[in-house]
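K.L.:
The primary structure of each chain is shown beneath.
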Amino acid sequence: MPMINLLEGITQALAYEMQYDPNVVVFGEDVGLNGGVFRATDGLQKRFGEHRVFDTPLAESLIGGMAVGMATQGLKPVAEFQFMGFIFPALNQIITHAARMRNRTRGRLTCPIVYRAPFGGGIRAPEHHSESTETIFTHIPGLQVVIPSSPQRAYGLMLAAIRNPDPVIFLEPKRIYRLYKEDVEDNGQALPIGQCFTLKHGTDITLISWGASVQETILAANELEKQGIHCEVIDVASLKPLDSATIFASVEKTKRCVIVHEAAKTSGFGGEIATQIMQHCFKTLKAPVERVTGYDVTMPYFQMEKYYIPSVARIKTAVEYILEYK
Amino acid sequence: MKISAQFEIPYIQFLNEHGILNADTPAIISSQQVREYFKIMTLIHLFDKKAISLQRTGRMGTYAPVEGQEAIGTAIGYTLQKKDVFIPYYRDYATLYQRGAKLADILSYWGGDEQASLYSHQCHDFPLCVPIASQCQHAVGVGFALKYQKTNHIALVTIGDGGTSEGDFYEAINAAGVMNLPVIFVVINNQWAISVSREAQTRCQTLAQKAIAAGISGIQVDGNDIFALHQVLSDAIDNARHGDCKPCVIEALSYRLSDHTTADDASRYQPQHQVQQARALAPLIRLEKYILEQHIMSKSQIEAMRLSCQEEVEQTAMDYLARPAPSIQSMFDYHFESLPDYLIEQRATTFEEFDNAND
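Taken in order, these protein sequences are the chains called D and C. The opening residue of the first sequence carries number 12 in our numbering; numbering runs sequentially from there. The opening residue of the second sequence carries number -18 in our numbering; numbering runs sequentially from there.
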């Protein structure tokens, strides 16, 4: 089995699906000859041709809307937005059209589209290159929001996203694009959308995260383990649809929960998960659900981003605080 | 001085405002076709009046009338082929009707039922599009797909004059140009974007010339003249299907002889003398003059045709009013191919509330 990183997991999934499904087309800015600014589409144009892997004019609303037109005629567009910070011109197309087309035509026209975008901070990038605005999309009826956090999950979830009959916002945690490699067999095996992944079993507290923050969450859990605190760690992976059952089962067991995300706190998706836990696990909970998140500030330029992104220390402090409730 | 680029925008009119056909008009439409055009335009004109009355009497929601621009939609519907893909803005009733949609579907749309855009016939046409100019980007994607699938079909999208100020319009014509896609952009210039006049939208002399910046051709046509419309559209469609430089922008000049919607009052902003002038230029008036002059139909034949159209419109209204209300489940059932757990749960909750409220 090849050892690949998260970024290569995406490339491998795109190549696999393009090989077997001629309706899959990949497009965006610099995705062709250049293979994407992060190289997620590296080699695809050479392998599958300029008609299937191509650069659009520099126009994000076009990328969003063109995908709608293509999808309604039977294609399966995989559209790349170069950074999440540049997706906003396309929000009209995603929200008013891609998300609604099936509903407003009662199933006559559908939008099996994957909208890809690298997101999050931590790579010392310029302004507007480090946002985490996944909650904008989770709030929109008709959208699915998927965030992989390992090479295997990047591969399996990307395959699932392309094969999904409805639009998927596929957000890629660029901070961990190349963090580590693992064996990922190129067998076309998709992972289910709408399922959490329990990365570490524990009995004292449930830690819930997604995207790049899964890394700090795991590191915090490992350090806490040395203190005798056994954390269960869940990678949400699909924000919408959310696998609430796995989360409730874990919290029923541990009776405590800390949610970790890089996005700003207010109206962040952690608030949604916390509310659901409060409703379903109210009698079991021994402490309020705590959130460790980015602050309600504009994503700082990179000199200060390490103070913004939830750190191992902040997660540990939150866990220790929640464990004080008896 | 070196001139880097120059351009000109042709204007095509064959049937003038007096109902007289220019001598150099190509023999493009037979008498039979003229009768068909006249019938569809009359039908849509009467449908429009009926739709307004349904709204005024509380039996339909807000409606966007089409009076004054009946010829443009009719010509588009007439010249497109079945397997072409039509991407409308929101007054394209004549085209949708000819594409196979039922007029009752259009009433259902403005009557607040999503079932309307299912249409009762097999097609890949888009539903009416309210967010201005966004449909132009879909047309690019459709054009791409039709080319990718190696078909000979084309995409045709309509947009209003105000819509040409939107970024989506510029992005779309630019992309269609650079990718050489079989997409025709028809700008229905009815001079008004709600209350803002065409002159307040742009300093451009024509809206057609915006095509030049996208490297594609732009042409103006009298949008109240079916002969000119038929010729210009047929040429553009043929070119998109078989030509070397496929996309183009057609600006069809007309005038909105109605409120923007039934929620609007055009007398607040349309100068009265301008409206009076425009009324005299309306497409049905001049076509009727021509038909009588050329003895294509007699007055009594026209009257009989009008009566039959009115009957069709009345039947359409009855069909619409007899349609069952949409089921409450349908609010949930079409967001995804299969219903996710959270919607199953919410769907159940809503029914409990609804049933309790009825107890």
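Accuracy of the hints is not assured; some may be wrong.
[Unchecked claim] One-sided and incomplete, this derived list gives chain C residues near chain D with beta-carbon spacing under 10 Å:
1) K128
2) Q130
3) N133
4) S146
5) G148
6) E292
7) A303
8) F317
[Said to hold, decoys possible] Heads up, simulated DSS-like pairs for lysine-lysine below, C-alpha to C-alpha not over 25 Å straight-line:
9) C:K64 to C:K20
10) C:K20 to D:K57
11) D:K337 to D:K264
12) C:K20 to C:K270
13) D:K264 to D:K211
14) C:K128 to D:K57
Source of the hints: derived by calculation from the structure; they are not laboratory data. Virtual Cβ for every residue (Gly too), placed ideally from N, Cα, C.
K.L.:
If a hint holds in the structure, say so; if it doesn't, say that too.
P.N.:
Evaluated hints:
With its C-beta approaching chain D no nearer than about 9 Å, C:K128 sits inside the 10 Å limit, and its interface hint holds. Proximity of C:Q130 to chain D holds as hinted, the smallest CB-CB distance being about 7 Å (cut-off 10 Å). Among the interface hints, the one on C:N133 is violated; its C-beta lies about 14 Å from the nearest C-beta in chain D, farther than the 10 Å criterion. Using the Cβ-Cβ criterion of 10 Å, the hint placing C:S146 at the interface with chain D is not satisfied: the shortest such distance is roughly 14 Å.
For C:G148, the shortest C-beta to C-beta distance to chain D is roughly 6 Å, which falls under 10 Å, so the interface hint holds. Taking 10 Å as the C-beta contact cut-off toward chain D, the hint placing C:E292 at the interface is violated, the least distance being around 29 Å. This hint is violated: C:A303 has a C-beta 19 Å from the nearest C-beta of chain D, more than the 10 Å allowed. The interface hint given for C:F317 holds, since its Cβ lies 5 Å from the closest Cβ of chain D, which is under the 10 Å cut-off.
Distance restraint check for C:K64 and C:K20: the Cα-Cα separation of roughly 24 Å lies within the 25 Å cut-off, and the hinted pair is therefore satisfied. Under the criterion of a C-alpha separation no larger than 25 Å, the hint pairing C:K20 with D:K57 is inconsistent with the structure, at around 54 Å. A hinted pair counts as satisfied when its Cα atoms are at most 25 Å apart, and D:K337 with D:K264 qualifies at roughly 15 Å. Restraint check for C:K20 and C:K270: the C-alpha separation of about 14 Å stays at or below 25 Å, so the hint holds.
At most 25 Å may separate the alpha-carbon atoms for a hinted pair to count; D:K264 and D:K211 meet this at roughly 14 Å. Taking the CA atoms of C:K128 and D:K57, the gap is near 20 Å; set against the 25 Å cutoff, the hint holds.
Hint compliance for this structure: hints 3, 4, 6, 7, 10 are not met, and every other hint is.
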